[in-house]
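Engineer: Protein sequence lines, in the order shown, are assigned to chains A and B. Just so we're aligned: the first sequence equals residues 190 to 1026 in my numbering. Just so we're aligned: the second sequence equals residues 51 to 208 in my numbering.
Some hints could be false.
To be verified - The following label-pair restraints were derived from C-beta to C-beta distances:
| hint | chain 1 | residue 1 | chain 2 | residue 2 | range |
| --- | --- | --- | --- | --- | --- |
| 1 | B | Arg65 | A | Arg430 | 40 to 50 Å |
| 2 | B | Pro132 | A | Pro988 | 31 to 41 Å |
| 3 | B | Tyr168 | A | Ser323 | 42 to 52 Å |
| 4 | B | Ile148 | A | Thr204 | 51 to 61 Å |
Stated by the list, open to error - Computed far set for chain A versus chain B, every beta-carbon distance over 10 Å:
| hint | residue |
| --- | --- |
| 5 | Pro193 |
| 6 | Gly298 |
| 7 | Ser397 |
| 8 | Asp485 |
| 9 | Ala862 |
| 10 | Arg874 |
| 11 | Ala913 |
| 12 | Arg958 |
| 13 | Glu977 |
| 14 | Gly984 |
Since the hints were derived computationally from the structure, they do not count as laboratory data. Ideal Cβ placement from N, Cα and C applies to all residues, glycine included.
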Amino acid sequence: MTEPKMVTCTIDGRTVTAPEGTLLTDAAKMLGIQIPIFCSHHRLKPLGACRICLIEKEKTGKPVIACAEMVAEGAVFHTQSEMALKARKGIMEYLLVNHPLDCPICDEGGECDLQDTSYEHGIGSSRFVEMKRSFDIVDLGPIVVLDRNRCIVCARCVRYCNDIMGDSALTIEERGFHSQINTRDGGELECQQCGNCIEVCPVGALTSRPYRFKARPWDLKQTETVCNFCSNGCTFHLGRREGTLVRARAKKSHGVNRDFLCARGRYGYEFPTSPERLHFPRIRQGGSLQRAEWSDALGQAVRAIQAARSAGKAVTALASARLSNEDLYLLQRLVREVAASPHLDHRLEQRAPLPGPLLKSLAAFPALPVSAIATLGSALVFGEDVNEEQPLYGTSLLREVHYRRMPVVVAHSRRVRLMQEAASGLPYRPGSELAAARGLLKSLAAHQGAAGPAEEVRKMTAGWSWEALASGSGLTEAQFEKAAATLYSGGSRAIYFGSQALRAAEAPDLVRALIDMALVSGASLVPLWDRSNSQGALDMGVLPDLLPGYEAAPAPGWNTAEILRRSASGEVGVLILAGADPLAHFPDRKLAENALRKADFVLSLDLFETDASEMAHVSLPLRSYAESDGSVTNSERRVQALRSAANPVGESEAGWRIFERLATGLGSAWNYADLLALQEEIRARVPLYKVLGRRMGPAATSWALPGASLPGAQPVGEGKAPAAAAAGTLRVESGNSIFHHGMLSQHNKVQLKLLPGPTLFLAAEDAARLRLAEGDLALLEGPGGKVEARVKIGGPSGPGVGFYPDHFAGAEANRLFGPESPFADIKISTLSAAVHS
Amino acid sequence: MVQELLKGLGITFRRMFNKPVTLKYPDEKMPMFPRFRGRHHLQRYDNGLERCVGCKLCAAACPADAIYIESDENRPGHRVSPGERYASTYEINMLRCIFCGYCEEACPEDAIVLGKDYEFATYNREAMIYTKEQLLDGPEKGFGEPYIRSGAKPPSYA
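Can you build the whole structure from these sequences, using the hints too?
Structural biologist: Put into structure tokens, the structure is as follows:
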């Protein structure tokens, strides 16, 4: 990339040098000069609608708008001159012509740009005596309330929705003085309900329904912490009033997400203060769990671990990848050092967990921050519905596709949102991820002439026949060629892959193919993990074959499937479930049930009553992320601080404290004065985590594996081609929906409004074929069993492939799908038709 | 010494014919100054709607953090105040209140005014948290413009 030309200009008598094309508002910010803005937004292209940013430019004789004016060599600007101030006062008076004086009852009041700017630049009175425009206040669905009276028609919401989210749910109606914001059809918003329109609204025209009148900004105790759902690691501020979390809000200048939050991040704050939380330790007495003292509950667990060890039975642990790094580190120390057992894992959903060496190869690739998407030449997104599962990556990619036609290749079994707008799509058949990856690898290797890994890969792929790859994946050679050409059309490249690739039955081979693709094309390789701290769980060595910091374990232990299999055959003495619920997440539910029943002792640590916690012998209440201090690591390997935003519920305890007490009960001399002492130990033992406890957070740099060089070309095995869908059935896949994440979000009322229960998404043509209509209650019969679900047309479904989000207790995907593959052919019959008015 | 004694007693005897400065409280009560700030009253409009819109500016202005408010939305069929918003909970902790009158100053709706009451004594601390029902003037106090701003004669709260 060529260095941008630098331009020097003068603002308020001070010179500033900025790259050519820098907007004047940004240049002024470099000097610490604030120019008021309403319609301008750092993610959006300049519009110049509100004109509050008027400043004087010498030699033009009239004010110019700073948000659309670019720095020019030698130009002289004045932000505080008489002309500028007079112009701004005039604009302020115009903006307030229709704006009501209802700041006391407006949710934006106290943190309103218009209020602040009016205070600074307004004249304090109005010369207009005419009637103001008057509209009714309307609800645009369960999230957004629109009060057009307050709107200053800056169109930020419309542009954000259209350009960044790709939803185009809002529009401006009428013209001139009569302009007003409305939804496309005047009804409710049909969108991802991300609520970013509320966030970008500089006034109180768009406000949040769940937060409506809950608090004034100054009531809130706001704590900056990290979202606990997906692995993007978005920073947000949790606002607490009187012990209840009432809102989550991103801050413009903070975090990897800046001001972006998705629906689940913005409205996922309820579960930590839910009344359903577990408050007390419980011990199984006479067949049911009874409230107990901490000392008794821990004593039982300690005795069970001792009994298992003396009986020569295994002590095993399954952890949730939402726990903090500190929790996970101490859990693996407890299992490895105190219980002297190598059997632990955190990957419950993956059918074929990646082996340690492969994980280490992935870690050897340098981390790529989300912000790098803005300068990427091209990207490949493989096996991940980024907009649904990793919304920050999804919207960042979508923005570049919209604004500069960034060449993006999307490979997915469903025609996902990004694929619809991408330059090239590889809609492979469900289950044929590997065939698709091999096809793309063959094309990529054929294009690149360089020696080294490309040569090896070319040799390997030369023998693969296009016919087999094409018939296996349902794609054509031309499609692969186009995808390869698209990826090569950009300068710097990145390859993203996610849950569909990781959950595939042939995940290790698939990841090897992706590594080869990255080596051949010189691209960065970014795994988008499932959970908020999946990366941390890998780094902390909550794996059967890797110690913290990617050191190979001397004696590899059992992975999740093996732990459960051994447990079902009676070989496991103690099974520790640290926030993990194998009944909900492990693909083979029957095996998980058997394993929990047959284990001598099951210790469950969880936030809520789950199927697994109710089968445990001792159940301990865990603190949620909102009540914990600690750290989590996101997909870009940024170690970020969790800060407690709420008071702990009941007698709940932090995970690492519980593990410490277990270890001391077992005779270890662990003694951590506080979290900092533990972080110091992690820093010393895991060199990757040098930043831990020191320079954590959005500003921290991603870690890099010391001394690692890129792995060599990986041999890629051949996959099985999936059979065609059986007649009369629909091939259905599962995963995370945009509105929920895992099983925690079912405790959030707002998210339940967005997706109330088990739902089957399917394409309109499939619905017509199966004679299903929107809102029907259908019985789904799959290899795993039967589940009832509502039918929804559209959503993240593709032609010929349905989507069944896995979020609801009692209707988990593993009750429907078989253990073999992450998709299944589902027989669908209507139980009751939707009532149409 | 006797002289001093007689001098002192002289004052005592002289005062025996003066009017007493004390009042036989609670049978007799002292007249309050016009701008005395006593216990708070929440006002209503002529039509009986509450003036308070639950904006919490009084709570923000309160230097003693004595006011706690929860707001809710007026719904069709359940209209409490004009506009969108009303206070579903309005509590003043009279133990914390320092009767500075800032709440009255801050109120954009003239909803809260400080009256003349000063008799707060109770047997428990809980009773010192005045709820909205206690603070809100009933019809017997008369609706209408708040007496302080309208210049009308203050209703007698004594």
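Engineer: Hint by hint, say whether it matches the structure.
Structural biologist: Structure-based check of each hint:
Range check, Arg65 of chain B to Arg430 of chain A: about 59 Å between beta-carbon atoms, so the 40 to 50 Å window is missed. In this structure the supplied range 31 to 41 Å is violated for Pro132 of chain B paired with Pro988 of chain A, their Cβ-Cβ distance being about 54 Å. Checked against the hint of 42 to 52 Å, the C-beta distance between Tyr168 of chain B and Ser323 of chain A comes to roughly 45 Å, which is consistent with it. About 53 Å separates the C-beta atoms of Ile148 of chain B and Thr204 of chain A, a value consistent with the hinted range of 51 to 61 Å.
No beta-carbon of chain B comes within 10 Å of the beta-carbon of Pro193 of chain A; the shortest separation is about 47 Å. The beta carbon of Gly298 of chain A sits about 8 Å from the closest Cβ of chain B, which is not more than 10 Å, so the claim that it is off the interface is violated. With a least CB separation of 13 Å from chain B, Ser397 of chain A remains clear of the 10 Å interface cut-off, as annotated. Remark: the non-interface label on Asp485 of chain A is consistent with the geometry, its nearest Cβ contact in chain B lying 36 Å away (cut-off 10 Å).
No Cβ of chain B approaches the Cβ of Ala862 of chain A within 10 Å, the least distance being about 34 Å, so the stated non-interface status holds. Every C-beta of chain B lies more than 10 Å from that of Arg874 of chain A, the closest at about 46 Å, which supports listing it as non-interface. With a least beta-carbon separation of about 54 Å from chain B, Ala913 of chain A lies farther than 10 Å from that chain, consistent with its non-interface assignment. Every Cβ of chain B is farther than 10 Å from the Cβ of Arg958 of chain A; the closest lies at roughly 44 Å, confirming the non-interface assignment.
No Cβ of chain B approaches the Cβ of Glu977 of chain A within 10 Å, the least distance being about 34 Å, so the stated non-interface status holds. With 10 Å as the threshold on Cβ separation, the claim that Gly984 of chain A sits away from chain B holds: the shortest Cβ distance comes to roughly 31 Å.
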